[in-house]
Amino acid sequence: MPIQYYITLASILFCIGVTGALTRRNAIIIFMCIELMLNAVNLLLVAFSKMPFAVLPNSTAAAGTDAQLFVFFIMVVAAAEVSVGLAIIVMMYRNVHSIDVNFLNRLKN
Amino acid sequence: MIPVLLIVIPLITGLATFFVNNGRGAKMWSLLASIITLAVAAVALFTDSAEQLTCDAAWLPALGAKFSLSMDGMSKMLCLLTAVAFPLVFGATYKNTYNKPGSFYALMLLMQAGLMGVFVSSDALLFYFFWELALIPAYFLCSTWGGEKRIQVTFKFFIYTFVGSLLLLVGILYIHFKTPDASFALQSFYHVKLTAAQQYFVFWLFFIAFAIKMPIFPFHTWQPDTYEQSPTAVTMILSGVMVKMGLYGVIRWVLPIFPAAVLKFDQLIIVLSVIGMLYASLIAIRQDDIKRLIAYSSIAHIGLMCAAIFSSQQIGMQGVMIQMFNHGINVIGLWIVADAIEQQLGTRKFSELGGLAQRAPGLATLLVVMILANIALPLTNAFTGEFLMFNGLFRYSIWMAFIAGISIILAAVYSLNMVQKIFYGRTMPATEYANDASSNIKFVLALLVIVILVLGVYPQPVINLTQDSVQAVLAK
Amino acid sequence: MNELVYLVPLFPLLGFLINGLCRKQLSKTLVGIIGSGSILISFIISVVLFWQVKSTGAGLPVDPLFTFINIGDSFKVDFSFQVDQLSSLFLLIITGVGFLIHVYSASYMHDEEAPHFARYFAYLNLFVFSMLLLVLGANYVIMFIGWEGVGLCSYLLIGFWFKNDNYNYAAKKAFVMNRIGDLGFLLAIFWIFQKLGTVNYADVFANTNKLSATDITGITLLLFVGATGKSAQIPLYTWLPDAMAGPTPVSALIHAATMVTAGIYMIARSNILYTLAPTVQAVVAIIGLATAIFAATIALKQNDIKKVLAYSTVSQLGYMFLGLGVGAYTSAVFHVMTHAFFKACLFLGAGSVIHAMGGEQDMRNMGGLSKHMNITKWTFLLSCLAIAGVPPFSGFFSKDAILSAALDSNTSYGLVLYIIGVLGALLTAFYMFRLYSMTFLGQFRGTHEQEHHLHESPKAITIPLMVLAFLAVVGGFLGIPEVFLKNSDWLEKFLAPIFASSTAITQKTPSEGSTEIIYMAVTSVLIILVIIFARNKYMKYQKTGAEENGFGKVLANKWYVDEIYDAVIVRPLDALAGFLKNVVEKSGIDGFVNGVGRFVQYSSRQLRLLQSGLAGNYILFMVLSIVVLFLIFWNQIQIVQFLQKIF
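Top to bottom, those sequences are chains W, X and G.
In terms of this note's numbering, the first sequence opens at residue 1 and continues consecutively.
In terms of this note's numbering, the second sequence opens at residue 1 and continues consecutively.
In terms of this note's numbering, the third sequence opens at residue 1 and continues consecutively.
No lab work stands behind these hints, which were simulated from the structure alone.
Keep in mind that the hints are not guaranteed to be accurate.
[As the list claims (entries may be wrong)] List of simulated lysine to aspartate or glutamate pairs, EDC-like, C-alpha gap at most 16 Å:
no., chain 1, residue 1, chain 2, residue 2
1, X, Lys66, X, Asp181
2, G, Lys581, X, Glu132
3, X, Lys156, G, Asp590
Just so you know, these numbers come straight off a predicted model, no measurement behind them.
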């Protein structure tokens with residue numbers, strides 16, 4: 001499969017994620033959208049690591065290991081983020097009985 | 001060794017004063033400390049050995065900054081002024097009481113340390129450090145012990161001078177990166193090679209900082225408000241000593257480092273200074289408040305000094321040296337009188353005063369001598385300075401000297417107005433039961449009058465002291 | 001021995017210090033003795049010095065006392081004195097007349113409280129000290145020191161009764177107007193120093209060839225500005241009549257005999273410079289003559305006895321400047337001397353009258369005083385005759401010397417100067433005898449209480465009057481013109497060395513003796529006629545209470561000069577100051593400074609609204625910003641290029 005397919009798919013996924021994060025007010029859905037964006041990036045990284053020649057004409061397969069490393073990083077960070085984030089959401093729900101992010105604008109004052 | 005002592009004595013005693021809570025103790029202690037400093041400064045006058053007058057120690061080697069101090073004639077003179085000013089101020093305000101006296105006197109002494117440091121530093125970063133050290137206590141003093149509008153006014157004062165300081169810092173760093181040995185030393189700054197265009201630019205960074213401090217027209221608006229709102233003891237130091245930091249900065253740093261820029265902009269600055277002189281004198285005529293009148297009179301005098309500096313004549317520069325000292329003495333005297341009146345009668349408005357000469361003949365006599373010095377009457381100390389400065393200005397341009405000379409007429413008008421409205425005429429309700437000033441005030445004023453007359457008749461010691469500095473500056 | 005000269009100003013200075021510092025401890029008698037005694041000692045030393053100068057016929061060399069200012073040898077001013085013919089003559093006038101006035105004051109001011117009495121004598125001694133510095137200095141800087149010093153004392157003494165605000169204003173006016181002149185003097189000193197590198201008289205006058213014509217004109221003009229201030233000439237004369245607010249002896253000493261002649265001394269001292277600048281000389285002559293006439297017209301209609309004398313002083317000073325302007329330096333100095341005698345006598349006489357009248361100064365309320373005050377009347381009359389220029393009283397010789405010099409000076413307008421000068425002399429005769437008649441002749445017009453109080457003044461007042469009147473009568477014989485008596489002009493010969501270089505340049509041809517005598521005779525006859533006319537007219541003066549009208553009103557109001565100055569200079573300046581203070585300073589400069597602060601506050605308040613607290617908004621900004629960045633850097637982003645390549 002040409003690399004273009006991967007790039008296109010990752011872009012679509014990323015845009016869906018951005019749109020969702022911007023438009024929805026439910027904290028959990030926003031979280032999911034952020035995951036979606038992260039995974040779009042992951043997909044792109046994996047695709048490039050598999051097909052480095054598409055980017056760098058003279059490279060070998062080994063050139064892509066860096067990207068895979070990054071994928072792991074992102075997965076770890078995302079997992080950590082989810083655990084912290086969900087905890088926050090739970091706390092928030094306990095306090096205000098809502099998970100609407102627009103409800104949480106008190107930092108302003 | 002001596003410059004270190006001059007900084008360290010007030011610094012240590014000042015820090016210690018923070019822990020004194022009893023008002024009398026704090027007064028005695030700080031008066032004593034300032035007298036010791038005065039003794040050291042007096043010793044400096046008679047010391048010629050370079051070893052005694054310099055200090056060179058590592059400070060921030062990573063940055064290229066050193067703790068290097070040195071004293072030439074001008075430094076000695078200004079250190080002496082600083083050292084003289086503080087005991088006089090402490091003595092004259094001895095009867096005033098302050099809330100939290102320990103902190104008040106501690107901050108005063110810290111300010112003295114900063115001032116001393118400014119006058120003896122020969123390293124740009126150190127100079128900047130002391131420059132700020134002198135400024136910050138002043139800020140706290142004004143904002144804590146000042147008048148009604150103190151917060152607002154002090155904020156303006158602080159922002160204003162701080163903007164200047166930041167420009168100065170940028171300028172210092174710029175020159176620092178141009179020095180071949182990446183140092184902050186005064187001598188490397190003197191030898192740095194700048195193109196004319198670079199000079200024109202950096203000159204203003206330095207000059208605006210100093211111009212705000214002096215202050216010269218049109219950077220002066222912080223000054224009358226601050227002088228009015230600060231506690232008088234602080235005002236005395238601000239106008240007697242701290243404005244000399246600006247003049248000192250111009251002579252020590254601006255003139256030698258940016259000769260091309262000075263040549264290009266001297267006319268502009270002299271014109272500004274002269275406008276400022278007339279402007280401030282005219283405003284002083286219409287003032288109804290003793291403190292504001294003295295503030296504007298001070299702006300006019302500083303304008304003349306600034307103009308004389310930029311006329312780049314030996315004779316004018318020598319006049320500036322004499323006048324820096326004498327202006328300090330005279331203006332402190334005037335503030336002491338203003339404070340004595342305000343403390344006793346609770347007003348500073350001319351419209352509420354009058355006829356005080358009948359009630360306080362001693363104070364009246366002493367003030368008249370101060371006023372005569374303020375208008376540079378011959379045989380008072382200011383005459384020599386102003387005579388030489390006008391002479392220098394005349395050599396630069398006849399017309400400038402003529403226009404600036406109008407200010408000596410205006411000075412007579414506002415100064416005599418002040419005498420007349422406070423002391424002559426009939427008594428007013430406020431002055432009906434006034435008494436003569438207390439003995440400590442009269443004693444301090446009498447000392448000042450003696451200095452005024454002695455230096456007026458025989459100004460040569462000050463000239464001899466500062467001659468080397470003048471020649472060094474003009475040689476560059 | 002020559003260093004004796006330093007003692008001359010020292011004693012008045014000591015007197016000032018003792019009287020000033022111990023004013024609460026000393027008794028009035030002691031104060032009077034210290035004050036007068038110090039001047040007497042100075043007078044005696046002055047006589048000795050004068051004798052030395054006269055016998056040697058040359059100035060006495062005096063070593064400098066100390067170096068006043070010395071800047072790396074590029075600028076050096078010594079505190080040194082110079083004793084020559086001119087300064088020793090002035091020494092005699094100052095200390096001699098000064099001593100008499102001190103004695104007079106001790107009696108005149110006796111009603112003051114002790115501290116104020118001592119303060120008065122302290123000021124008076126300080127004045128004499130400053131005046132002595134002025135004439136003794138060997139360079140322009142020392143002269144300037146004395147010059148400002150006398151101005152200060154004048155200020156202090158005019159405002160001596162400081163409870164009265166009008167007196168304070170008069171004092172301030174005198175000081176400020178003097179300062180205007182001082183500025184000119186100061187600039188002249190700078191100019192001299194810049195061109196010649198020295199301010200010593202000897203060096204300056206020896207090197208006049210190094211000065212260009214512009215320099216000399218500029219310097220002399222500026223010096224003359226200084227002289228107009230101190231010697232009350234147009235346009236700076238208005239302070240002198242107001243200065244009559246001071247005690248009368250002060251008016252006699254400062255505002256008639258000594259201080260106001262400082263300008264004449266200065267120009268006489270710098271005579272060589274003026275001789276080299278004929279244009280400026282013409283200016284001096286014209287201003288002098290204009291002042292002489294102008295002040296005389298005002299004096300015609302004044303009713304305050306001291307005001308008349310004040311305008312008369314201004315007018316006489318104008319004559320002296322006329323003399324200087326036509327190069328008759330000796331005559332000007334001669335007139336200074338005779339004027340010191342008769343004008344001091346007139347002022348002191350007026351003081352005696354005021355004393356007797358219990359402080360009344362308005363002549364309309366006097367009259368017929370000769371019955372009660374015989375000595376005062378006679379001394380006053382003699383001085384009036386002297387000032388009017390009746391031969392053979394002193395004023396005749398000195399005024400005639402000036403007028404005949406004016407006639408000789410220049411063929412084109414010498415005659416005009418002369419005729420106007422004579423006109424002024426006639427006016428002088430008229431107003432002086434108006435004054436005399438209104439005061440001493442006719443009927444007494446004051447209150448009964450005043451009439452009852454009338455008395456001759458004590459001896460301390462009358463003796464100085466008699467001495468001065470005697471001098472006013474015989475003083476003129478020091479300078480009898482050559483036409484009357486060969487080799488008789490003693491003063492001319494005495495002062496010749498001072499003006500030697502000037503006379504060498506001008507080389508005048510004196511007019512023929514016979515013409516001069518005719519002119520003199522005609523003038524004298526006219527003056528005597530005017531005197532008789534004035535005496536008869538005002539002997540029968542009655543208080544009418546009617547206001548002056550027409551031209552008389554203009555004169556009585558002093559040509560409205562004070563009002564004009566007020567409208568043209570004082571008020572606009574005051575308005576400008578108010579405008580600067582209230583508008584430019586407050587709204588302009590400070591407004592700008594505060595505006596910067598306000599702008600920062602305003603914009604931060606607006607920007608704060610962006611911080612809505614909504615996380616969605618923040619993210620939206622983030623995304624938008626990224627998109628914007630993408631768009632801006634579109635061509636430089638490698639990913640874009642890469643994507644373009646692969647798609």
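Violated hints, by number in ascending order, as checked against the structure: Result: hint 2 breaks, nothing else.
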